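Asker: Listed here are the chains, written in short residue letters.
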Amino acid sequence: MKRRSPVFLARRAYRLRRLRDAARLLPLVGMFFFLLPILWAPGATDRRDTAIDGIYLFVIWGLLIAIAALLARPLGTGEEPEAGEGQERDDSDIPPGGPR
Amino acid sequence: MPFNLLVLACLTYVAFLFLIAFVAERRALSGGRRWLGSPLVYTLSLSIYCTAWTFYGAVGYAARSGLEFVTIYLGPTLVFVGWWWVLRKLVRIGRQQRVTSIADMISSRYGKSSGLGVIVTLICVVAATPYIALQLQSVTLSFGVFAAAGTYGWALPDTNSTALWVAGGLALFTILFGTRNLDANEQHTGVVIAIAVEAVVKLVALIAVGIFVVWVVADGPGDIVARINDSRIADWDLVPSRWAGLIALSAAAVITLPRMFQVLVVECGDDRNLGTASWAFPLYLAGMSIFVVPIAVVGLKVMPEGANPDLFVLTLPLSQGQGGLAMLAFLGGFSSATSMVIVASIALATMVSNHVVMPLWLRLRPARAVSGDVRRLVLNARRFSIAGVLGLGYLYYSLSGGSAALAAIGLISFAGVAQMLPAMLGGIFWRGATRVGAGIGLVTGFAVWAYTLFLPSFGPGGVFPLEVFTIGPFGLGWLRPQALFGVEGMDPLIHALFWSLTCNTACFALGSLLSFPSPVERVQGLAFVNVFDTERAEPRAWEVGRVEPEELLKLAQRILGDELALAFFETAAQAQGTGGYLPDPTPEFLDALERKLAGAVGAAAAHAMIAELAGRARVTVADLIRVADETAQIMEYSSTLESQREELERTARQLREANEKLTQLSIQKDAFLSQISHELRTPMTSIRAFSEILMEGDVPPEMAAQQARIIHDEAIRLTRLLDDLLNLSVLENGTVQLDLRLANLNELIDKALRAAGQTRPERVFVVHRDLPSEALFLRTDPDRLAQVFINLISNSRKYCDAARPELKINVKQRGARVIVDFIDNGSGIPKDKQQIIFEKFTRLTDSARAGGAGLGLAICREIMANLGGTIAYLPAQGGAAFRVTLPLRLEKHPFADAA
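Each protein sequence line maps, in turn, to chains Y and V. Residues in the first sequence are numbered consecutively from 1, following this note's numbering. Residues in the second sequence are numbered consecutively from 1, following this note's numbering.
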């Protein structure tokens with residue numbers, strides 16, 4: 001069965017722009033998770049969970065690094081010509097990678 | 001471990017670094033830059049963020065304040081992961097504007113203001129001095145650990161002298177590799193590679209100690225988790241303001257610390273490296289901090305009560321009898337300290353020389369003309385600054401006595417440099433930011449920082465007496481340094497950070513809103529803020545046609561060095577379609593030259609220097625339109641007209657020049673024809689007269705012989721003249737037969753000097769040569785080449801008008817080409833004549849009838865063309881100067897393909 005292919009031009013350029021949005025969002029996400037301990041740690045709990053807190057921080061850290069590494073290559077330097085800067089229409093229901 | 005062995009290991013390690021830096025510089029020179037500029041090296045060089053304060057101090061920090069130490073790494077992680085926001089823009093601006101330091105960047109953004117450059121330089125020096133002292137202290141302390149633990153009972157005689165030795169050694173290394181060259185962009189390959197190696201050493205060392213602690217001393221990760229929750233570290237309290245404030249502070253510091261800016265922006269050879277560093281540098285930071293808490297916990301347990309947790313990295317392996325591991329840790333700490341000091345002093349020295357010494361020199365120097373060797377001045381200024389910066393660090397260390405107060409100085413220093421953040425971010429994101437705003441903001445922020453944090457850090461009674469802390473200066477309670485405006489109970493660091501940045505930002509914003517920027521500022525603002533959108537939003541700030549290119553070349557040679565300047569001018573001339581070494585001083589060219597110079601001496605100084613030669617800097621209508629992006633079509637149209645008119649004027653000037661040249665040539669040709677008829681006629685007349693006498697018969701034999709000799713001599717003169725003409729036409733047609741063989745350049749020059757000695761043999765000529773550089777074997781036609789040399793040397797002997805004539809012969813090899821320069825100390829060839837000396841029948845002085853018919857240089861030019869080379873006049877060398885360029889190995893006749 002043929003999938004419905006929405007009218008959409010310059011798919012790659014569109015993906016690239018969203019990728020840049022992701023790159024811009026990433027530090028904000030990181031900041032949120034790094035500041036999160038403020039909400040629970042000083043809550044005067046008597047539990048001695050410093051090790052768990054540390055592990056939490058390093059896990060977030062590792063995830064940030066991994067996502068940044070995944071984003072870095074396709075992002076390039078932002079200097080590459082955006083192949084076919086086309087109109088953006090109907091961008092609501094395109095799955096990542098989209099039908100080709 | 002014997003102390004002597006430790007010193008030996010240290011020296012070996014330093015020698016190894018020297019070697020690496022040296023090899024890297026060599027490789028960079030021979031073009032092998034590829035792996036040198038790789039993302040890996042770039043990322044590793046960024047690791048100078050982790051100083052000895054991090055290497056040793058993080059464990060101590062964790063032992064005292066639990067997980068808070070990690071904030072120092074979380075800030076940079078966020079900045080790097082979010083490289084798309086700020087770093088990418090910074091690096092791009094840095095490359096486009098050839099930024100040499102953070103002071104240069106801020107000064108350049110705000111209208112190339114030298115005042116701002118001085119302020120930023122001052123802030124950086126004040127903030128960095130204690131930090132350098134801290135590094136010296138850490139090295140001294142770690143030496144002390146080994147001395148105390150030494151089985152030989154060897155005690156360190158004097159910590160001060162150790163620090164002095166370390167500072168001296170570092171100064172030497174930095175001066176050797178940091179001020180070797182003054183090339184564009186201030187990149188120091190050798191230093192960067194050495195830093196990268198040190199980065200690996202410190203990471204490996206810390207991880208090795210970590211693995212030892214987790215799997216040898218403790219029983220693996222599970223045990224460590226249990227130990228952490230049992231230890232007193234688990235009692236730490238997260239202070240929300242400190243947690244958030246320190247993350248923000250370290251994020252600010254990672255882009256404003258002069259040394260970070262140096263490796264991040266100035267030494268960045270390729271934009272793409274940043275993409276890799278965006279995840280690899282946070283990874284490095286995570287690697288540096290993952291074992292910090294385990295080491296602290298185990299250290300607290302194993303080491304005796306009262307042991308300094310700052311030195312656990314070193315003392316823990318020592319206490320377990322692991323001398324080798326301790327040595328590795330020691331080298332790691334040593335690496336952290338040295339790499340930070342080296343880069344920081346290079347960055348600071350660049351700022352001091354470009355923003356303090358150069359402007360002062362430009363202002364104080366008596367003559368208007370740029371005189372003296374600026375290159376040497378800049379390099380020496382830089383060398384003295386490096387020594388000065390390290391000297392200040394040492395002085396601070398010995399005055400503060402290496403007290404525990406130093407441990408807090410890292411964060412104080414961070415807060416100091418963070419004062420540059422508003423001006424920097426405002427500069428790259430807000431076009432309305434002005435010089436006045438930036439200046440007021442910086443000064444205010446710096447003052448508040450000094451008052452609330454830096455000066456109080458010397459403790460009550462240090463700089464401020466105790467009363468100032470408790471009741472305020474002059475009894476003004478709201479001015480207490482640690483409770484400004486009555487805000488009490490805040491952590492002193494956060495208090496200072498909050499007030500200094502708040503006042504700084506407020507003054508910056510208000511100053512910018514209320515002041516009005518100069519045109520150059522507005523143009524630079526646009527170039528910075530829209531660095532990605534505009535192709536080249538550079539100010540074309542120069543009036544055309546006022547400046548002599550030769551003057552510019554002189555200036556450029558003094559700053560960039562002869563070779564680089566000549567190459568730059570030659571490329572520019574070729575790009576403009578004119579030959580030789582002197583391009584038209586178009587706005588584009590002046591602009592390119594300014595940025596090239598800015599790479600060496602900073603934007604403000606370069607701007608001032610060119611302004612001195614080129615006259616008033618001007619912002620064109622086109623630039624202003626770009627700035628005021630209200631699209632005023634009509635103005636744009638008129639500006640287009642104006643630029644077209646300028647273009648026309650330039651073309652017309654070139655045409656006029658061409659016409660002049662033609663007219664001159666035609667006049668010369670006429671002159672030559674009458675000259676040559678005269679030359680032909682004179683011998684002809686005497687030949688005719690004497691042959692008539694001989695024909696009459698009754699001449700005594702000895703008279704007949706004499707007359708026959710005269711006839712013969714005159715005939716030879718005629719033949720020589722005709723030979724020359726014939727020679728020239730053969731050369732021009734390219735039908736000449738070349739006799740290609742190997743020849744020693746040294747012998748060729750010897751031969752030419754001997755042969756040319758017959759010209760005006762009464763003159764005493766001093767010839768300067770560099771024999772080793774002449775030891776080259778060329779494959780060429782040696783006789784023809786010698787002819788060229790003889791001609792140039794005889795010309796010099798004939799025309800050099802100096803009282804004590806000198807001739808300098810320089811030989812250089814550039815890849816597969818050889819360059820031979822002949823430079824004398826006469827008055828040279830006037831600019832209007834430089835164009836035509838290689839034309840046929842050209843003689844500059846009618847009076848000096850020194851033989852020849854004005855064919856010598858024309859023949860030289862044709863010979864060089866046949867030998868696959870060139871001959872050109874080199875302007876601005878302090879005399880007549882000719883450059884002969886030819887291939888090292890001429891394989892076949894250069895015209896063979898065309899024939």
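None of these hints come from the bench; they were simulated from the model. Nothing here was measured: the structure is a model prediction, and the numbers come from that model. Careful: at least some of the hints might be erroneous.
[What the hints assert, rightly or not] Which chain V residues face chain Y? A few, computed with CB under 7 angstroms, are given here:
no., residue
1, Leu74
2, Leu78
3, Trp84
4, Val86
5, Ala234
6, Trp243
7, Ala286
8, Gly287
Backbone N, C-alpha and C fix where the C-beta goes; we use that ideal spot for every residue, glycine too.
Asker: Each hint should be assessed against the structure and marked as holding or not.
Answerer: Hints and how they fare:
1. Leu74: holds, 5 angstroms
2. Leu78: The hint holds - V:Leu78 has a Cβ within 7 angstroms of chain Y, the shortest such distance being about 5 angstroms.
3. Trp84: holds, 4 angstroms
4. Val86: This hint is violated: V:Val86 lies away from chain Y, its Cβ roughly 10 angstroms from the closest one there, beyond 7 angstroms.
5. Ala234: holds, 4 angstroms
6. Trp243: Holds - the Cβ of V:Trp243 comes within 7 angstroms of chain Y, reaching about 6 angstroms at its closest.
7. Ala286: Nearest chain Y Cβ about 5 angstroms off; hint holds.
8. Gly287: Since chain Y brings no Cβ nearer than about 10 angstroms to V:Gly287, farther than 7 angstroms, the hint is violated.
When held up to the earlier numbered hints, the structure conflicts with 4 and 8 and fits the remainder.
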